[in-house]
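Given the sequences, and given the hints that come with them, work out the whole structure.
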Amino acid sequence: MDLDSPLRPPRKEPYLGPAVDNTATSNLDPPTDMGSKEGFKDTITSSIVKELSKKAYTIPDDSKLSGESNFEQWIQALSIVLRALGISNFLENPDISNTYSDSDQAVLLMLLRNSLSSGPRAAISWIHIPSKAFKLLVRQYSRPIESKKEDVYNEFHALTFSTYKKGLSAFNAEFNGYLAKLTIAKIDIDPSLILNQ
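Heads up: the sequence shown at position 72 corresponds to 72 in UniProt numbering, and the numbers run straight through without jumps.
Treat the hints as calculated values from the structure; they're not laboratory data. Please note: incorrect hints may appear among the correct ones.
[Unchecked claim] Derived DSS-like pairs (lysine-lysine); straight-line CA-CA distance at most 25 Å:
(1) LYS149 / LYS181
(2) LYS166 / LYS181
(3) LYS64 / LYS181
(4) LYS132 / LYS64
(5) LYS135 / LYS64
(6) LYS64 / LYS149
(7) LYS135 / LYS149
(8) LYS165 / LYS181
(9) LYS64 / LYS166
(10) LYS186 / LYS149
(11) LYS181 / LYS135
What follows is the structure, encoded as structure tokens:
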């Protein structure tokens with residue numbers, strides 16, 4: 001076939017992104033002009049963007065709410081995702097979500113459901129309002145602060161390296177986790193206890 005044949009579609013030059021202004025004071029600012037829509041479609045398809053979005057807002061399986069034992073870990077993981085979306089105030093005031101648009105409420109409800117293991121997910125399966133779903137989860141899976149403090153304190157004192165089976169790095173990770181929980185719970189631990197542990 002002849003290279004200049006009318007049957008051959010014209011060659012498109014690949015889109016290389018917007019031109020870079022080397023005189024700008026900061027290269028940290030994102031470019032405001034993304035070029036033509038066709039160029040943007042050539043480099044990043046909408047399915048790739050959707051896939052990246054799904055991965056960015058996915059809570060790891062070990063942080064998904066499974067019961068009282070990992071409620072605090074779930075709240076921490078959920079707060080990071082909500083902060084990335086700019087709605088971290090939902091955790092302190094779930095009723096604020098009632099002012100969100102219907103589609104934003106649906107997205108929030110999907111995020112909540114995707115952050116749960118099968119048991120807690122079943123508990124909110126028929127709830128369609130994010131604030132009600134979150135409040136039910138808090139009521140059902142959080143424990144009073146005093147009982148949490150006591151449990152963490154007792155678990156910390158029960159942890160000893162001499163009887164630990166998983167190895168030094170796992171022990172250090174668990175030990176540091178307990179120290180963090182104790183700090184968050186505002187429980188003072190004598191430094192000599194930390195050294196002896």
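So, going through the hints one by one against the coordinates:
{"no.": "1", "hint": "LYS149 / LYS181", "in the structure": "9 Å, holds"}
{"no.": "2", "hint": "LYS166 / LYS181", "in the structure": "21 Å, holds"}
{"no.": "3", "hint": "LYS64 / LYS181", "in the structure": "18 Å, holds"}
{"no.": "4", "hint": "LYS132 / LYS64", "in the structure": "19 Å, holds"}
{"no.": "5", "hint": "LYS135 / LYS64", "in the structure": "17 Å, holds"}
{"no.": "6", "hint": "LYS64 / LYS149", "in the structure": "22 Å, holds"}
{"no.": "7", "hint": "LYS135 / LYS149", "in the structure": "22 Å, holds"}
{"no.": "8", "hint": "LYS165 / LYS181", "in the structure": "22 Å, holds"}
{"no.": "9", "hint": "LYS64 / LYS166", "in the structure": "23 Å, holds"}
{"no.": "10", "hint": "LYS186 / LYS149", "in the structure": "9 Å, holds"}
{"no.": "11", "hint": "LYS181 / LYS135", "in the structure": "23 Å, holds"}
In summary, the structure agrees with every hint in the numbered list given earlier.
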